[in-house]
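Peer 1: Listed below are the residues making up each chain.
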Amino acid sequence: DIVLTQSPVLAVSLGQRATISCRASQSVSISSINLMHWYQQKPGQQPKLLIYRASNLASGIPARFSGSGSGTDFTLTIDPVQADDIAAYYCQQSRESLNTFGAGTKLELK
Amino acid sequence: EVQLQESGPGLVKPSQSLSLTCSVTGYSITSNYWGWIRKFPGNKMEWMGYISYSGSTSYNPSLKSRISITRDTSKNQFFLQLNSVTTEDTATYYCARYRSADYFDYWGQGVMVTVSS
Numbered sequence: 001d002i003v004l005t006q007s008p009v010l011a012v013s014l015g016q017r018a019t020i021s022c023r024a025s026q027s028v029s030i031s032s033i034n035l036m037h038w039y040q041q042k043p044g045q046q047p048k049l050l051i052y053r054a055s056n057l058a059s060g061i062p063a064r065f066s067g068s069g070s071g072t073d074f075t076l077t078i079d080p081v082q083a084d085d086i087a088a089y090y091c092q093q094s095r096e097s098l099n100t101f102g103a104g105t106k107l108e109l110k
Numbered sequence: 111e112v113q114l115q116e117s118g119p120g121l122v123k124p125s126q127s128l129s130l131t132c133s134v135t136g137y138s139i140t141s142n143y144w145g146w147i148r149k150f151p152g153n154k155m156e157w158m159g160y161i162s163y164s165g166s167t168s169y170n171p172s173l174k175s176r177i178s179i180t181r182d183t184s185k186n187q188f189f190l191q192l193n194s195v196t197t198e199d200t201a202t203y204y205c206a207r208y209r210s211a212d213y214f215d216y217w218g219q220g221v222m223v224t225v226s227s
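Protein chains in written order, with the working numbering: chain A, 1 to 110; chain B, 111 to 227.
It is worth saying that the hints were derived from the structure and are not from the lab.
By construction, the Cβ of each residue, glycine as well, lies at the ideal position given by its N, Cα and C atoms.
Treat the hints loosely; a few may be bogus.
Listed next, the in silico EDC-like pairs over lysine to aspartate or glutamate satisfying Cα-Cα at most 20 Å (straight line) [to be verified]:
no., chain 1, residue 1, chain 2, residue 2
1, B, Lys174, B, Glu156
2, B, Lys154, A, Glu108
3, B, Lys154, B, Glu111
4, A, Lys42, B, Glu198
5, B, Lys123, A, Asp79
6, A, Lys48, A, Asp84
7, A, Lys110, A, Asp73
8, A, Lys106, A, Asp85
9, A, Lys48, B, Glu111
10, A, Lys110, A, Asp85
11, A, Lys48, A, Asp85
12, A, Lys42, A, Asp84
13, A, Lys42, A, Asp1
14, A, Lys110, B, Glu156
15, A, Lys48, B, Glu198
16, B, Lys174, B, Glu198
17, B, Lys174, A, Glu108
18, A, Lys42, B, Glu156
19, B, Lys174, A, Asp79
20, A, Lys48, B, Asp199
21, A, Lys110, A, Asp84
22, A, Lys42, A, Glu108
23, B, Lys154, A, Asp79
24, A, Lys106, B, Glu111
Listed next, the stretches of chain B that the computed footprint assigns to chain A, with coverage defined by at least 3 CB atoms under 8 Å from CB atoms of chain A [to be verified]:
no., region
25, 151-158
26, 207-215
27, 218-224
Modelling step: build the complete structure from the supplied sequences, incorporating the hints.
Peer 2: Right, here's the structure in full:
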């Protein structure tokens with residue numbers, strides 16, 4: 001199984017940039033296609049797709065969210081962070097038929 | 111707009127079967143892929159499996175002997191059955207559209223299922 005590693009917590013100030021990382025135990029890229037996706041989840045709500053295939057913004061998601069990376073290292077950036085962005089963020093890989101999720105990064109205010 | 115809604119019992123006894131329904135509106139389940147994901151109390155998320163537009167299925171090997179995903183195209187619903195549940199199956203269960211068997215772009219609100227006697 002591909003293991004995805006995320007830092008448990010990231011503390012940021014409003015208006016600053018947040019960089020959330022996800023590291024895969026093996027490459028999740030096929031040629032130029034990066035099979036890594038990002039979700040936001042707030043307490044009591046379902047996950048929401050933010051970024052698909054590493055860098056594509058999902059429909060209706062604000063442009064302050066962006067994604068980058070390839071191979072084993074991926075990043076979700078929020079710039080600038082707004083109060084509504086305080087939530088948990090999960091990465092998911094679809095490189096293998098057994099998809100896996102990271103354990104999540106909880107974005108907190110400093 | 112695509113909408114999904116899970117339904118089913120919130121409490122299941124150990125050794126019994128967990129059965130959930132996902133009702134889809136705004137899109138036909140005879141297109142694309144449809145998946146089940148669960149989130150455990152410690153926040154770990156697990157991909158459980160999916161059913162495709164043609165009715166084919168794929169399951170997480172760790173669940174393969176206990177899981178079944180089926181559908182009723184006339185009602186635009188798909189179903190999850192998990193047999194021989196234990197307390198470790200206590201989780202919030204989500205259904206979602208699994209776009210091109212790649213990423214989940216529409217999710218239901220989730221249903222919390224507790225396995226307890």
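Peer 1: Next, verify each hint and record whether it holds.
Peer 2: Against the structure, the hints come out as follows:
1. B:Lys174 - B:Glu156: Distance ~13 Å between Lys174 of chain B and Glu156 of chain B Cα, so the pair holds.
2. B:Lys154 - A:Glu108: Roughly 19 Å separates the two Cα atoms, so the pair holds.
3. B:Lys154 - B:Glu111: Distance of about 29 Å is beyond 20 Å: violated.
4. A:Lys42 - B:Glu198: Measuring from Cα to Cα gives roughly 23 Å; hence the hint is violated.
5. B:Lys123 - A:Asp79: Cα-Cα ~47 Å, so violated.
6. A:Lys48 - A:Asp84: 13 Å, holds
7. A:Lys110 - A:Asp73: Violated. Lys110 of chain A to Asp73 of chain A sits at ~26 Å, over the 20 Å cutoff.
8. A:Lys106 - A:Asp85: Holds. Lys106 of chain A to Asp85 of chain A sits at ~10 Å (cutoff 20 Å).
9. A:Lys48 - B:Glu111: With Cα atoms ~15 Å apart, Lys48 of chain A and Glu111 of chain B stay inside 20 Å; holds.
10. A:Lys110 - A:Asp85: Given that 20 Å is the threshold and the Cα spacing comes to 13 Å, the pair holds.
11. A:Lys48 - A:Asp85: The hint holds at about 12 Å.
12. A:Lys42 - A:Asp84: 9 Å, holds
13. A:Lys42 - A:Asp1: 27 Å, violated
14. A:Lys110 - B:Glu156: The hint is violated at about 30 Å.
15. A:Lys48 - B:Glu198: Violated - the C-alpha atoms of Glu198 of chain B and Lys48 of chain A are around 25 Å apart, more than 20 Å.
16. B:Lys174 - B:Glu198: Judged against 20 Å, a Cα distance of about 16 Å means the pair holds.
17. B:Lys174 - A:Glu108: Violated, at roughly 37 Å.
18. A:Lys42 - B:Glu156: 18 Å, holds
19. B:Lys174 - A:Asp79: 42 Å, violated
20. A:Lys48 - B:Asp199: The hint is violated at about 23 Å.
21. A:Lys110 - A:Asp84: 15 Å, holds
22. A:Lys42 - A:Glu108: 12 Å, holds
23. B:Lys154 - A:Asp79: 27 Å, violated
24. A:Lys106 - B:Glu111: 29 Å, violated
25. 151-158: holds (count 5)
26. 207-215: The restraint on the region 207-215 of chain B holds, since 6 of its residues have a Cβ under 8 Å from chain A and three suffice.
27. 218-224: holds (count 3)
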